[in-house]
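Using the sequences and the accompanying hints, generate a full structural model.
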Amino acid sequence: MPKSMGAVKQAIPAEIGGETDAVMGSSGAAAEAVAGRKILPIVEGVVLVAALLAPLVLQDYLTVFATRVIILALFALSFDLVWGYAGIMSFGQALFFGSAGYGVALLARDLDITNIFLVLPAGTIIGLTFALLLGGFLLLGRHPSSVIFVSLGTLTGSYAADRLARGWYYLGGQNGIPSIAPMTLGGYEFSEGPPFYYLVLGILVVVYLLCRFLVRSQFGLALAGLRENEQRIAFFGYKVQHLKAIIFAIGGAVAGLAGSLYAFHEGFVWPNMVGVVVSTQVVLYVLFGGSGTLIGAVIGAVIVEGVSFWLSDNYRDIWPIILGLLLLLVILFRPLGLISFVLGERERVGSFGAKIKEKRDAAP
Amino acid sequence: MANAFVAAFEILSFGAIIVLIVLGLGIIASMMGIFNFAQGEFVLLGAYITYLAYAKGLPIWTGMVAAPFVVGALGFVLEALIIRRFYAAPIVAMLGTYALGLIIRESVRGLIGGFYLTVPEPIGGSIDIGAMHISAWRFTIIVITLLVMAGCYLLLSRTSFGLRMRATLENPSLARASGISTPLMYGATFAFGSALAGLAGALIVPVFSLYADLGLRFLIQGFVAVMVGGIGSFIGPVAGAGVIGTLSAALPWVMAPVVADVLVFVLAIVFIKFRPQGLIAGKGV
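Quick note, the sequences are listed as chains A and B, same order.
Last residue of the first sequence: 365 (my numbering), numbering continuous.
Last residue of the second sequence: 893 (my numbering), numbering continuous.
You can take every hint at face value.
One side of the interface only, derived from the structure: several residues of chain A facing chain B at Cβ under 10 Å:
#: 1; residue: L153
#: 2; residue: R164
#: 3; residue: W169
#: 4; residue: L285
#: 5; residue: L288
#: 6; residue: L327
A short list of chain B residues far from chain A (calculated; beta carbon distances all over 12 Å):
#: 7; residue: F613
#: 8; residue: F622
#: 9; residue: S743
#: 10; residue: R766
If you're looking for bench data, these hints aren't it; they were derived computationally from the structure.
No residue lacks a Cβ here, since even glycine has one placed at the ideal position from N, Cα and C.
As structure tokens, then:
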């Protein structure tokens, strides 16, 4: 009896992985990874240690840059939840990022609210609300929406928000809202530098762990099934549209949190932040790093931003062209992103729910 | 009276421009099921070629004639090299064509810098009807749009090329069994759609002047128009483009431009939500 139990449990992740496995073919060293040896925790650990040590070795202006990258990594995480795990193409993720940024900027400008315990939840709620509204409208309803409709709908939403922000005098028009007061905690002001960096890093780690727990739960299993074969999941009795709307809203909340941090870190918000440019930027991060692995999104954000920072001094003009070429190469030859060089398919899909590993080991 | 006429002409000419841009997008989306994010950049390339001809001292119309052929050829090559790999997955196709568009757009930006470059109208001046003056070039665009629309319709519905094209797109395996080279037809369709974009770019550059984000400006409007019109037929996207173009041009006359701008998109998305098949449902021409 325990033996058959183990076999059934094991069959679930293997089957989900199966379809993409064939597409991927061999993935080098990763394929050789023995079941017992986990690469993902090592990668996560290395990234965390590097992030913790970064301000100690970096100059001040680079720490400021690193803070921005960490915030963008948080934003990338939100897109990865939506696209990498649930297979919803959100081309308008910046809508939630930017609207939260605008929201907290208005709170700081008009109501003088800069307390960290008020503005960050406010930004998260703004992102959540917008995502619920847009996601609810696009995803729910009597007829399931097509993938194309959702992706173009989110893109259009983001574009419309951009136009609105540009034309609305209250939101500052083309110039956006400049010189936002710094975020405060009691009498302390968070200005650019190591404290802000560690604050953002701490938030990223907490959100990352929450997301990791979420995608490895039964809910995550349903999402992964949804991504691989929506119809089959629907036949199992899941309310597919509800699952999608929930994860879309969670993604919006994370994006809102990132957006409010970004607004306070940069000290200003401008229309691009809700628009198509930033929306596609986050797609780039996740595609580069590797969708469907949370750490891939973080690594993608770090690499794209890092290389672009490094190159933009000397090759500012041709950097976007190189970016386009690299993106094309990744899409054509590495659809699972750079992380797939070190991470095997089985580990990317992972195991779900609690304690599967012990049962598998118990079965001889 | 005169004002109303001028307004109507403005609306009509903007509608024609949107139709012209959407034609190529619509053919590729309807016939191949791909939303080509690089379409805006094909428009930009058409505009750039026209500008090059002008800058080299050639008559502007030579650039306008050359643009569709050059862009069409480029489309054919890109389809054979890259787009072909994306047919199985429409979302991947969006991302891939986005990457292509990024490369083209930034290359053009590198070539022209961040400037707005003007190209004079090949047919300048205005047409006077009584006390009213309408721009001769905008009038020409309307006429050319009508001609191109009619031409496309005839090509798809009345020629053997159009028949083979539709056969390939409707049932590829049966078409192959009947001796049609389907890869060639896909390439030809994509090239045709790109050529139309190139033509659109060449014709509108005197009106909007040349800048790197020229294509991006119309891309989303084009997508919305295709969705509103309905994917799967030739006439659907054209109808959608007419509606979206007219609305975008007409609404600013009755309300604040900012509100009108956003309202068009909101209305379009709500419409598509409740009528996913679009204005004109069904396959065919």
